[in-house]
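S.K.: Sequences listed follow chains A and B, in order.
When we follow my numbering, the leftmost residue of the first sequence carries the number 1, and every step to the right adds one.
When we follow my numbering, the leftmost residue of the second sequence carries the number 1001, and every step to the right adds one.
Calculated directly from the structure, the hints in this document are not laboratory data.
Predicted model, so just to flag it, every value in this text is computed and none were measured.
You can trust all of the hints, since none of them are fake.
Below, simulated DSS-like cross-link-like pairs (lysine-lysine); rule was C-alpha separation at most 27 Å, straight line: (1) LYS427(A) / LYS1513(B); (2) LYS79(A) / LYS98(A); (3) LYS1422(B) / LYS1601(B); (4) LYS691(A) / LYS1601(B); (5) LYS427(A) / LYS1422(B); (6) LYS1613(B) / LYS1601(B); (7) LYS1513(B) / LYS337(A); (8) LYS89(A) / LYS79(A); (9) LYS98(A) / LYS57(A); (10) LYS1613(B) / LYS691(A); (11) LYS572(A) / LYS558(A); (12) LYS1136(B) / LYS1079(B); (13) LYS1422(B) / LYS1613(B); (14) LYS639(A) / LYS691(A); (15) LYS427(A) / LYS1613(B); (16) LYS1601(B) / LYS639(A); (17) LYS639(A) / LYS726(A); (18) LYS1136(B) / LYS1085(B); (19) LYS1079(B) / LYS1213(B); (20) LYS79(A) / LYS57(A); (21) LYS57(A) / LYS89(A); (22) LYS1072(B) / LYS1085(B); (23) LYS50(A) / LYS79(A); (24) LYS50(A) / LYS99(A); (25) LYS314(A) / LYS337(A); (26) LYS314(A) / LYS1513(B); (27) LYS558(A) / LYS1613(B); (28) LYS1072(B) / LYS1136(B); (29) LYS98(A) / LYS50(A); (30) LYS50(A) / LYS89(A); (31) LYS99(A) / LYS79(A); (32) LYS639(A) / LYS1613(B); (33) LYS427(A) / LYS1085(B).
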Amino acid sequence: MYCLLLSPLFLTLKSKLAIRQLLSRLVVHTAASFTENMVSGRTSFIYFVKQANPTVKTFIEQLEMSADALEDYGILIGKVNCSEETIEKYCTEEEVMKKIHLFRGPDVLRSFDIDTVFDVNAIVSHVLFAVLFDEVRCVHTPAELGRVERAAKGTADVVMGHIRVLGLPEHRALMEAAFVYGAKYQFVQTSGTLLLRHMEIADPSDVQACLWFLHCRTVSRLSEPCPHTLMRKPLTTINIHTFLQLMEAPLLTEAAVDPAEVDVVYSHLNVPVIFLFSRPETVHLDRVTAETLAWRLRGEAGLVLIHRDNPSVKTPLVYNAAYRLPQEQSLRYFTLKNVEEVVTLLRDQLLPKEREKQDKEEEIEYDWSGVGPTPLFADVLDDEVAESVYRDRGLMLDMDKVPELTADTFSAAVMQHGLMVVLFYVKWDAVSMAFLQSFVEVAHALEGVNGLDLASVNCGEWTDVCGDQNITSFPFVLLYQPGEAAQPYRGMLGAESLHTFLLLRQDPSPLELSSLAEVASFLEGDLYSRHLAHSPVRVMGLFTSADQGVAVFVEAAKSLRGEILLGLFVNKVADAWTDGHTVSLPALLVSRGPGVQQEAHTLLPSTSQNLAERIRCIVLDTFPELTVENLPWYLEQGKPLLLLFVGGGEGPLMTQPLEEMRMAQSVGQLVDVLPCWIHLGRTPAGRSVLKAYLGFVPPLPALVLSRIGGDGEVFHFPPERPLLSKNIVQWLQRIENNQEQCAGAIPEVAWDPPVPFYDFLAIMDEEAPGYAAQRSPKVKPKGKKEQPAGEARQEAGTSAGRGAEETRQDVEGTSAGRGAGEARQEKEGTSVGRGAREARQDEEGMFAGGGVDEARMEEEEEGMSAGRGAGEAGRGDVCWKRSRQGEAVEGGDVCCKRSWRGEAGGEDVCWKRSRRGEAVEGGDICWKRSCRSCS
Amino acid sequence: MELILCFICLLSLFSLVLTVPGDHHGDNSTRHHDYCVLGAGPAGLQMGFFLAQSQRDYIILERNSGPGSFFKRYPRHRKLISINKVYTGRRNREFNLRHDWNSLLSNRPNLLFQRVSRDLYPEADAFPHYLSMFEKELGLQVQYGTDIGRIQASGFGLNGNKSYILTDQNGEEYKCRVLLVSTGLWVPEEVHFVGSDLVEGYESIPTDPEEYKDQAVLILGKGNSAFEVAQSILGRASRIHLYSPSPVRLAWQTHYVGDLRAVNNELLDTYQLKSLDGLVEGGLEDIAILYFTLSELLDRQDGNRSTAITAENLPGYHDDNFSLRQPYDRVIRCLGFRFNFSVFDGSACPPHSSTARGRLPAVTAWYEGRGTPNLFILGTAAHSRDYRMSAGGFVHGFRYIVRAVHKILEQRYHNNAWPANKLPTSQLLPWILKRVNEASGPYQMFEVLGDIILLQGSHCEYLEEFPLQALPRFSALSGRHVSEHGLLIVVMQYGLNRTDTLGPGRAESEWTKAWKSNFLHPVIYYYRTVPTEGDMRRRPVGWPLPRPDAVHHMVEDFLTEWDQPVSHSQPLRRFLEHCLHMDLRAFYAESCFRLSLTSRKPPLFCRQGYLNKEGFVGNSHLWQHAREAGLMPTHQGSVVPGDDGSFSDCLSHAGADMTSTINF
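Build out the structure end to end from the sequences listed, making use of the hints.
M.R.: Structural data, given as structure tokens:
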């Protein structure tokens, strides 16, 4: 069974059997041999014994047992009897008995308390961990994991083990795997619950140890996440090995033979094999389904897609799936309805059954039978709007308040009323139908408002009405008022936005104010206080006389009607309102609600359009709370966002950071960024944003700089630092100087089609060869021949005695028809034959490929150990790089100058991450969290 | 055996011709016009409307005193078989034109044929009446009583190209920069054989059934006019035999309205129920068509005539159950009509078409006569492009062809590019659905006219009803530029038609098998570049267009309403996504908010809507649906407590060692 195993692992297994009767590999050093050992540069694990007590005796027994295991990894285990040999420093050390040292050459790589390395598992895991210190990354937070992933993308897959407690067999298994596969995969060790949650483990407290495979190698874009697979078996060396083999095995194998004849690598890896049957007409979708399923079951089962078009597939048509359990020859057939069922079948029924060996098969068979064969793919809507509208298809909208206008009633309706708001929609557009709901809501909310009516036009029926109104997009809202051209509603298509717009629009714009008292009332909110909830911002045009461009202001105000409340005060005493502001009239005065400092802006001569734009710009908040409704206005500015995420209540926890931000802003330090905040209670989508930025949701409040318009880098204000204005400014300064490490990146998502293309042409070519093929250039086209072959054939079977021309044509037609038919048959025949051959080749290819893989892996291991050897032999600062094959190669230019000596000396190595995500020495960010702190 | 009959025949075809000479007096001076339209039939008036609408200098020359004079005479039995379905249950004017085969296109919503008749198969006089109403209400420039007897080409004209000089019966000349020939088909198709002088023509037979009482009648032809005659005399004639080379083609089987319509097919019943009527197929060339008495036959043998016909080589001599061995009282020719080539001078004469046995002029894909630049053929005479294929020989088809030709004229002579709707790409899907659900042009002129969508990244241009065969010349004809994003073409098509028209399995309902649809359904072709002439020539057998880079069939719909989200809309969206290389899904504002902050460039829908401050918000009820479907993230525990200690906790917990329980 395990003959495929690679040699180091095989040795490991052997060592597990621990033939203890054999001579112990524990070397008892003399002073001379110790010195020799130091000079040889070998890695050795040496215990200095001064006196023997029972505890030490037990420990030495354990040490002897581990000597066999560690020898496989080139690590010598030795002891020095200090009572016989005196070795300076070590034998004379205090508490010498409590320590054991790991040497590389003359240097101590690490010292351990013998409490920590109390048995074979603990010894092996800790020693390997220390030796592999640079190979295995220690990761605690999703952000750290994100960095590892980014570095690995496109180059290597990542194996991440969660070890709750170090020194247990699981830890040893992980370390042994890391030793063997370290050159092939990036190993990551983690502990703590934060990452478990990040990896979607429902109950982190339940988990002792687990392992994930992160498929980063095939991810080409930095923005894409690495898909990951959880190993669902206990962490043992064999399980890890099998799991990694499975990860290397093809996701999906395709075959065109009966499942009984299929022999795939999965069968040798002790996992169930699931067969799905594909019909030629749905082969593309079936493949998609199979791939989806394969991803779901990756690591738990192998998946084979069987092409039914081959005659050697004998499975009855009623079944569309089958499975074979490991170590069993028989197949079981069933009919599945969707992917979910297979997953349930496998997880809940097959795997437990495998363990319990209870025979519930008939019951299972019964569950699956009785359902006709269904296509493997499901027609699921993947558009959130279309799907939600579709789920609502039973809903009857109450259209009482939104009468349906027709070609006959339309013109009368838009002429008669004060303000007629008309929604143009088409029924097949999901957005239209969804917005219709909001439109009806608004109609109900505005019921009773005089001179304001809402109506709708179904453009699917009244196409000429919509054509006359130049409607080219749906849904579309037009406002009609007698004597004015129809005005399009250009705002958010939502009940609240439209409602606010229509309410504000009720009032004239601008509102002409005649006295200072009225102005005060307008600005402070008494006048039109009913709008306060909708739009607290008011803008006031102040003019001393009418010739100062009042007309332009009035024009601009008209175009802003409904958007912003505008007042106009033309009076000699108008300048009374600009007291305390350094502006001269004409001017704009902006009030953001009662009690807020008003702002004044000088009004320069311009066109009404420019002025309207300027007013839109002026009313924007300088420290806005970003919401779903207002984000586009602020994003438009193109500045990096200095984004404060707050949550919870309205207490000081929330208001204080806001104040600090305002303070930083008021001293003019935040000019290059847009300071803003998101309240996660009011804008829950912000949570997803935060998670996307950092990879996890940090404690709130959290301050983030998002260079959304620029390079897309995201920085996270260190959560341990107090959120004070001076710290914020300092932090921004450090970011500016490239002194801060980015916490994430906003990916460049291409927004390609979300699902694979259903290629009709390919299906035609498969099912009706020649049907969709261009004619060969030699054939001279004749009008008659353009008829489909079928029609020509119909003509063929008619009675005799007809004109020669016709007959000749018919004969041609017939022969053409027959020719085509024959050709098709031939082609079909050929393609079947070819298919079978291909399939056979595939199979062979697969096995051959498997062999190659194995071979390559062996080579790689050699390469790896060679690399390791070089590293050890050199003892100096060795520069490595990983070659494309994943081998560690010496002498790379992208080198991590990780000197073993440096570690031994206990110096902190300072790193920085290069742009490509590699760790480069010489940075100013010091690698504080070395693995030393892990253990 | 007194009479022996053989003959040649052609399919009869409903046609429009303007022939009766008028006697108009005029002076001999030359009159100049940019556009001369020859014939005030439906095609001529239709073109007149478009020329008037674009305020061009045009004249419609008609030799009769009123429009549509063909219909004053034909069909002989005065029942139109073009469908006039007034009640469709719909009020969509464009959609209703799909079922109104007699109206002409105009900008007047009420200028429809239903104003003169509400019968499904109207009385024929209603049609000239309608045409005359159309002409008067639109104030078209028609000059009646002008019989053009000669058409010459002259070497100079617009752009130095040919122009045409028309001479009427009074010698008056009309010099036309562009000549639009819409004279229809007027010359009855005849057969010539010994005794063919005894054959009566469809154009002149008596229409009173009483005249056929107890007569054995042989009708040459198996088209609609032959069956129309048969139907009329069915109750009087003793035997009616229909004779032609090819078997009857039923319009409801072939989807070609020129084939036998079920309106006139009662004879099929009496034939199949053995009531003395019948259909016979007979070849054409080998059998000479003879009509003479036995004595004449003997005379001929003596008289050393050229024919080698003897009693021995007559079919009945050898074959004693020869179908047509019994004599007939009447032989009626119902073989259709041909184009009148005789008025054209050599240089101005378009060649004969290769289809329809050369009865029609050959035209280019944009309906210009081959070899006669600036001379366009419109109406029934232009049917050679889609003969026996689509509806270009009939009012309900060629009215759209005329519109297309007019757009080509506007581009060529006035530099007005083909009208196009500029749409944001996010609006493309609903717009295509709108067209396939209502457009009448591509529906009637299936496989001939198609909508063309020029993809330009975030926007696209939508051109309606372009003649597909002219695609290789698209840019020149339309004045529109095809960008590197390629183009989409929306065509209505019948399917493979391989199954029994009324049999089981005739309709396809699964969208994944849409390409096997048998009934009219929309097909969308995607080309990265405009197909060349060669591509066009080598297109797959039975296809209207060459093999595209991608194709999408929208599954046929029993109700012809392609608006269902799962079967129609989503598959089409996915096809468009493939062609455009972008995600075309719609998103709620909340999703756009999230995507705008977490990706450098959110999906198109968000860019064109949300970021343009016109985002689509939705409501909580709908969001709930989307969340339940797993399409929108849920915000569980959306409010995060400030003292979430998990972060720091984990640091202290991280990597706890297992320590020995051994007591030192």
